[in-house]
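Enquirer: Taken in sequence, the protein lines are chains V and R. Note that the first sequence covers residues 1 to 423 in this note's numbering. Note that the second sequence covers residues 1 to 407 in this note's numbering.
In short, the hints are calculated from the structure, not lab data. All C-beta atoms in this analysis are idealised placements derived from N, C-alpha and C, irrespective of residue type, glycine included. It is possible that some hints are incorrect.
Claimed, not checked - Partial selection, computed: residues in chain V whose CB lies under 10 Å from chain R:
#1 Asp60
#2 Asp300
#3 Met375
Claimed, not checked - Straight line, CA to CA, 27 Å or less: simulated DSSO-like cross-link-like pairs of lysine-lysine:
#4 Lys323(V) - Lys121(R)
#5 Lys121(R) - Lys387(R)
#6 Lys418(V) - Lys63(V)
#7 Lys253(R) - Lys144(V)
#8 Lys290(R) - Lys144(V)
#9 Lys95(V) - Lys196(R)
As the list claims (entries may be wrong) - Ranges between beta-carbon positions, derived for each pair:
#10 Gly279(V) - Lys142(R): 51 to 61 Å
#11 Glu318(R) - Thr324(V): 17 to 27 Å
#12 Arg248(R) - Glu307(V): 46 to 56 Å
#13 Arg314(R) - Gly362(V): 30 to 40 Å
#14 Leu105(R) - Glu7(V): 14 to 24 Å
#15 Glu396(R) - Glu195(V): 46 to 56 Å
#16 Glu7(V) - Glu8(R): 24 to 34 Å
#17 Gly107(R) - Lys331(V): 19 to 29 Å
#18 Asn318(V) - Glu8(R): 51 to 61 Å
Residue strings, one per chain:
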Amino acid sequence: MDKGKQEAVLSGYRIIDLTNDKGHYCGKVLADLGADVIKIEPPGGDPSRNIGPFYRDIPDPEKSLYWWAYNTSKRGITLNLESDQGKHIFRRLVKTADVVVESSPPGYMDGLGLGYTALSEINQDIVVTSITPFGQTGPYKDWKADDLVGWAMAGQAYVTGDDDRPPCQISFPHGYLVTGSHAASGTLAALYYRECSGEGQHVDVSMQEAVLWTTLILVQFWDIMKINLFRAGSRRSMGTALFRLAFPCKDGHVGFLVAGGQLASITMPPLIKWMAEEGMLGAFEDKKDWEARDWIEKVDAMALTQETVDAWENSLLNFFATKTKTEIYEKAREKSMIIYPVSTTKDLAENVQLKTRDFYVGVEHPELGETITYMGSPYKMTVDSWSIRRRAPLIGEHNKEIYDGELGLSQADMRLLKEAGVI
Amino acid sequence: MAKQRIFEGLKIADFTWLGVGPIAMKFMAEMGATVIHIESHTRPDICRVSPPYKDWQPGINRSAFFAVYNDSKYGITLNLRMPQAQEVAKRIINNWADVVADAHLPGVMESWGLDYETLKKEKPDLIHVATALQGKTGPYSKMPGHGMVGVSLCGFTQLTGWPDREPTVPFGALTDFLTFPHMVTALISALLYRKKTGKGQYIEISQLECSAQYLAPPIMDYMINGRILTRMGNRSPYAAPHAVYRCRGEGEKWCAIVVSNEEEWDNFCRAIGNPEWSRDTRFATFQARKENEEELDVLVEEWTTEHSPEEVMRLLQEAGVAAGMVESGEDLVADPQLNHRGTHVILEHPEIGPHIYQPPPYRFSKTPHELTMPAPCLGQHNEYVLKEILGMSDDEVADLLIAGALE
Numbered sequence: 001m002d003k004g005k006q007e008a009v010l011s012g013y014r015i016i017d018l019t020n021d022k023g024h025y026c027g028k029v030l031a032d033l034g035a036d037v038i039k040i041e042p043p044g045g046d047p048s049r050n051i052g053p054f055y056r057d058i059p060d061p062e063k064s065l066y067w068w069a070y071n072t073s074k075r076g077i078t079l080n081l082e083s084d085q086g087k088h089i090f091r092r093l094v095k096t097a098d099v100v101v102e103s104s105p106p107g108y109m110d111g112l113g114l115g116y117t118a119l120s121e122i123n124q125d126i127v128v129t130s131i132t133p134f135g136q137t138g139p140y141k142d143w144k145a146d147d148l149v150g151w152a153m154a155g156q157a158y159v160t161g162d163d164d165r166p167p168c169q170i171s172f173p174h175g176y177l178v179t180g181s182h183a184a185s186g187t188l189a190a191l192y193y194r195e196c197s198g199e200g201q202h203v204d205v206s207m208q209e210a211v212l213w214t215t216l217i218l219v220q221f222w223d224i225m226k227i228n229l230f231r232a233g234s235r236r237s238m239g240t241a242l243f244r245l246a247f248p249c250k251d252g253h254v255g256f257l258v259a260g261g262q263l264a265s266i267t268m269p270p271l272i273k274w275m276a277e278e279g280m281l282g283a284f285e286d287k288k289d290w291e292a293r294d295w296i297e298k299v300d301a302m303a304l305t306q307e308t309v310d311a312w313e314n315s316l317l318n319f320f321a322t323k324t325k326t327e328i329y330e331k332a333r334e335k336s337m338i339i340y341p342v343s344t345t346k347d348l349a350e351n352v353q354l355k356t357r358d359f360y361v362g363v364e365h366p367e368l369g370e371t372i373t374y375m376g377s378p379y380k381m382t383v384d385s386w387s388i389r390r391r392a393p394l395i396g397e398h399n400k401e402i403y404d405g406e407l408g409l410s411q412a413d414m415r416l417l418k419e420a421g422v423i
Numbered sequence: 001m002a003k004q005r006i007f008e009g010l011k012i013a014d015f016t017w018l019g020v021g022p023i024a025m026k027f028m029a030e031m032g033a034t035v036i037h038i039e040s041h042t043r044p045d046i047c048r049v050s051p052p053y054k055d056w057q058p059g060i061n062r063s064a065f066f067a068v069y070n071d072s073k074y075g076i077t078l079n080l081r082m083p084q085a086q087e088v089a090k091r092i093i094n095n096w097a098d099v100v101a102d103a104h105l106p107g108v109m110e111s112w113g114l115d116y117e118t119l120k121k122e123k124p125d126l127i128h129v130a131t132a133l134q135g136k137t138g139p140y141s142k143m144p145g146h147g148m149v150g151v152s153l154c155g156f157t158q159l160t161g162w163p164d165r166e167p168t169v170p171f172g173a174l175t176d177f178l179t180f181p182h183m184v185t186a187l188i189s190a191l192l193y194r195k196k197t198g199k200g201q202y203i204e205i206s207q208l209e210c211s212a213q214y215l216a217p218p219i220m221d222y223m224i225n226g227r228i229l230t231r232m233g234n235r236s237p238y239a240a241p242h243a244v245y246r247c248r249g250e251g252e253k254w255c256a257i258v259v260s261n262e263e264e265w266d267n268f269c270r271a272i273g274n275p276e277w278s279r280d281t282r283f284a285t286f287q288a289r290k291e292n293e294e295e296l297d298v299l300v301e302e303w304t305t306e307h308s309p310e311e312v313m314r315l316l317q318e319a320g321v322a323a324g325m326v327e328s329g330e331d332l333v334a335d336p337q338l339n340h341r342g343t344h345v346i347l348e349h350p351e352i353g354p355h356i357y358q359p360p361p362y363r364f365s366k367t368p369h370e371l372t373m374p375a376p377c378l379g380q381h382n383e384y385v386l387k388e389i390l391g392m393s394d395d396e397v398a399d400l401l402i403a404g405a406l407e
C-alpha cells in the first residue's frame, strides 16, 4: 500500500514497537514518515485494543478507534516475550532493527534479559527508547501513573478547573500522547547521532516531564515571583485582575482575551468598530479612541482593576450573545481579530480550514470493505513523506509475513509456537 | 572521546517567536546545535513583555517567560523591514545556516525576501521549518493568534470542566506545547534525509493540525458514530475510583487516584484499611463502582481528608495503586523525582539572576544535553554574531547601527 512516490524521510529504518497505550503514538509518528514499524503484541492482542470508542459502537478488539488512530502504518505480530522461544525470536528481529521502543516498567526488560545492554550486545548500534511515567531511575521510578496522575504530578491539575471544585482533567487526556510525541523526537535525535558516530544509545523518556512541558511557566512563576498560579475556571490572572478566556455566544462559546498591550491592539480596534456598527458598544462607549491601535497598546493589563475588566467583559458578553460561533470566526478572519470558536469534535470534523488544506485522509479498511476518515499529517513537507501506509494491524496480521517471509520459520514451526502460546 | 552532543556543528537561524518555534529550537540547541535567535526592538516577542518578571518589575530582559524558551541560543536584533537588515539575515542563511525556522504569518518572511522559494535558489540544501496557528495556507491562515485561544479552536476547552457548568479553559497556551515536539520531529527527519540524500526541504506545521492528533479517537467517534464528546469532570469510562480528592491540610491539598482493575481495587481497599463499606456489593465490581461512583467518591474522600496528599500518594503507590499529589509550582520545584532527573537547571541570567530552566523530557545515555547559556538579552550577541560569525568589520557594524538596521 506504499505510495509509489519519492522515498519518504524515514524510509529504510526499522523500528520494533513493544509499547502499550503509554507509547503507541511514538511508533505511529515514525511509521507515518516512512519507517518500517513492527508492533509486537502479546498473544491475543494488546489490552489497549479494549479502549473505546469503537467503530459503530461494537466493542471488539479489532474495532477500537483508539487502537486504529495511534497504530497506523505499522505491521503487527504477536509474540510472548516472557517465553524462551519468544525471546529467541525477538533477538533475531533485533538484529535487523534500528530502534526498539518500549513502555514497560523500568527493569522489566532487563529482567527478561532484553534491556538496552543485552540488546546492544546483539546489535551494537541499536537505539532503545523507553517510555515510562517517571523515567528509568529516581525515587518514583517504580510508581504507576495513569494520565490523571501524571496530570496532577506535572502541575497541570493545580491550574485547571473551577476554583470552587477539585482540580480537573481534560476529558480526553493526552499525557501519554504528548510523551509519545517527544519520544519520537528523542528517538530520531539518537538515530541522527548514530548516523554521525555509528553508536546507538538508550533514550529515557518521562511522562511527568513531558506533561510538565505543557504547563507554560508554572515553575517560573514560583521560582522568580513566588506566585503559585491557581485554577480560575475560564479566567486567568494577568496581574491583579482576572480575565475571561471563554465567552458564551449564541450557540456555544468563543475564545478571546481582552488583555491590553500588543495583543489587544490587534483585536480591540476592529472589534469595537464592529460593536459600534451594531449599536452595542456598552462600556466601550467612551473608548472610540481604541480604533487607533497605539492607544490600546498603552493599556497595561497588569494594572487594570477587576471593575474595569468586568465592565468591559459584560459588554462583550452581551455582544457575543447575539452571534454564533461561525459568525464570530468568520468576522475574526475577515478583520484579523484573535477570536476563535470553542470547537466541539463536530466543529473540528467540519472545520473549513482543515478541509481546505485536505487535512483529513481516507484509509482503506479491507476487512470492513470501507474507507475510514483519519487525521491527516501534522506537517506538510516538500519531500512528501507523510502518509498512512496501512490501517492499524489486526492481531497477528503480519505473523506469516515476518515469521515465515523474513525469519524463515516453517508452517510446522509456526504451528508449534502458536500451540505453545509464543505467537 | 569527550562527550559529544548530537547536533554539534548544526547551525540554525531562528526567526521564530512566542512558544512553538522558540522551544523547538531551544531543544535543538540543548542537543548541540548552534542557534542564532533573531529578534527586533520594533516588535519584541510578546513573551518578553509578559510576566513572570524578576522582582515584579517589567522589563524587556526581565521575563522568565521568554528566558525559559530561549536559553542556549545567541540573540541578535535586526529590523527586517530595512533592506540592510535583510542583507544581514541573508548572509546568516547563505554563509552560515543549515536550517531556517520561522513562526510568522504567511507573507511576512516573503516580504523580507526570506521565504523558502527565494532562499533555496542560493542554498538548495536548506531546510526551512515554519509554524503557524492554522498553517501557512488556506482561508484562515492569516488570522493572528496564540495558544491561549488556540486551545479553544483546537477542541480542548470544550472538553475541560464539569458537565453542569461552562467549559473551563485549559491552562496556558496548551496547543503550543502539543505542537512543538512535532516541529522537532519533522526537523530531525529532514536532517536525517538530508544526510542521506543531500537534499533540503520546506516543512510547514499547523498547530490546529498537530492538536487534532491528540483528539483523533473522539473526532473519529463523531465521524463514525455521530457522538460528540462532552466534558465529564474527572470521570473516566475505564476506571473507578478516578478522581482528584481533597486531602488533609491548609489550602489546596489534593491527590489524584486511579483504580483501573480488580487487583488494584483490592490493593486500594487494603491500603485504606479495608473499611466496612469497601466490602459492600455497591462497590464489588467495576460496573458497580461506576454505577455508584458519586457515593464511592464521597467515601474515598472521607479517607483522603484524614491524610496529607503525600501520605495518600505514598500509601497507595506502595500498595500498587496509581496516585499522585496535585503539585503547585512550588511543589514542582521541590519534587524529588524531577530533582533526581535534573529537570530544573539553574542558569545565571544577566538581569533575572539565577533561575530555573528545563531541558527536553528525554535523556540520552551517551550524549547528554547541555544548557550552555541563559536566554540572551535583546541584542546581546549582535557584535559577536556580526563580527565573529559573519566576519564583518567594525565599520560595517557601525554602518548598520547608524542606519537603524540593528533596532
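Enquirer: For each hint, tell me whether it holds in the structure or not.
Expert: Status of the hints after comparison with the structure:
The interface hint given for Asp60(V) is violated, since its Cβ lies 13 Å from the closest Cβ of chain R, which is over the 10 Å cut-off. A hinted interface residue such as Asp300(V) counts as satisfied when its beta carbon comes closer than 10 Å to some beta carbon of chain R; here the least separation is about 9 Å, so the hint holds. A cut of 10 Å between beta carbons decides the hint on Met375(V): the least distance to chain R is about 5 Å, and the hint holds. This hinted pair does not check out: Lys323(V) and Lys121(R) have alpha carbons roughly 48 Å apart, beyond 27 Å.
With a C-alpha separation of about 26 Å, the suggested pairing of Lys121(R) with Lys387(R) holds against the 27 Å cut-off. Our distance criterion of 27 Å between C-alpha atoms is met by Lys418(V) and Lys63(V), whose separation comes to about 24 Å. Among the hinted pairs, Lys253(R) with Lys144(V) is consistent with the structure: their alpha-carbon atoms are about 20 Å apart, no more than 27 Å. Our distance criterion of 27 Å between C-alpha atoms is met by Lys290(R) and Lys144(V), whose separation comes to about 22 Å.
In summary, the hint linking Lys95(V) to Lys196(R) is supported, as the alpha carbons are separated by about 22 Å, within the 27 Å threshold. A hinted range of 51 to 61 Å is violated for the C-beta pair Gly279(V) and Lys142(R), which are about 29 Å apart. The given range of 17 to 27 Å is broken by Glu318(R) and Thr324(V), whose C-beta atoms sit roughly 53 Å from each other. The hinted range of 46 to 56 Å is not satisfied by Arg248(R) and Glu307(V), whose Cβ atoms lie roughly 37 Å apart.
Taking the beta carbon of each, Arg314(R) and Gly362(V) are about 50 Å apart, not inside 30 to 40 Å as hinted. Judged by the Cβ atoms, the range 14 to 24 Å given for Leu105(R) and Glu7(V) is violated: they are separated by roughly 32 Å. Look at Glu396(R) against Glu195(V): about 38 Å separates their beta carbons, and that is not inside 46 to 56 Å. Checked against the hint of 24 to 34 Å, the pair Glu7(V) and Glu8(R) passes, with Cβ atoms roughly 27 Å apart.
For the pair Gly107(R) and Lys331(V), the supplied restraint of 19 to 29 Å holds, since their beta-carbon distance comes to about 21 Å. Checked against the hint of 51 to 61 Å, the pair Asn318(V) and Glu8(R) passes, with Cβ atoms roughly 58 Å apart.
Consistency with the previously given hints fails for numbers 1, 4, 10, 11, 12, 13, 14, 15, ordered from lowest to highest.
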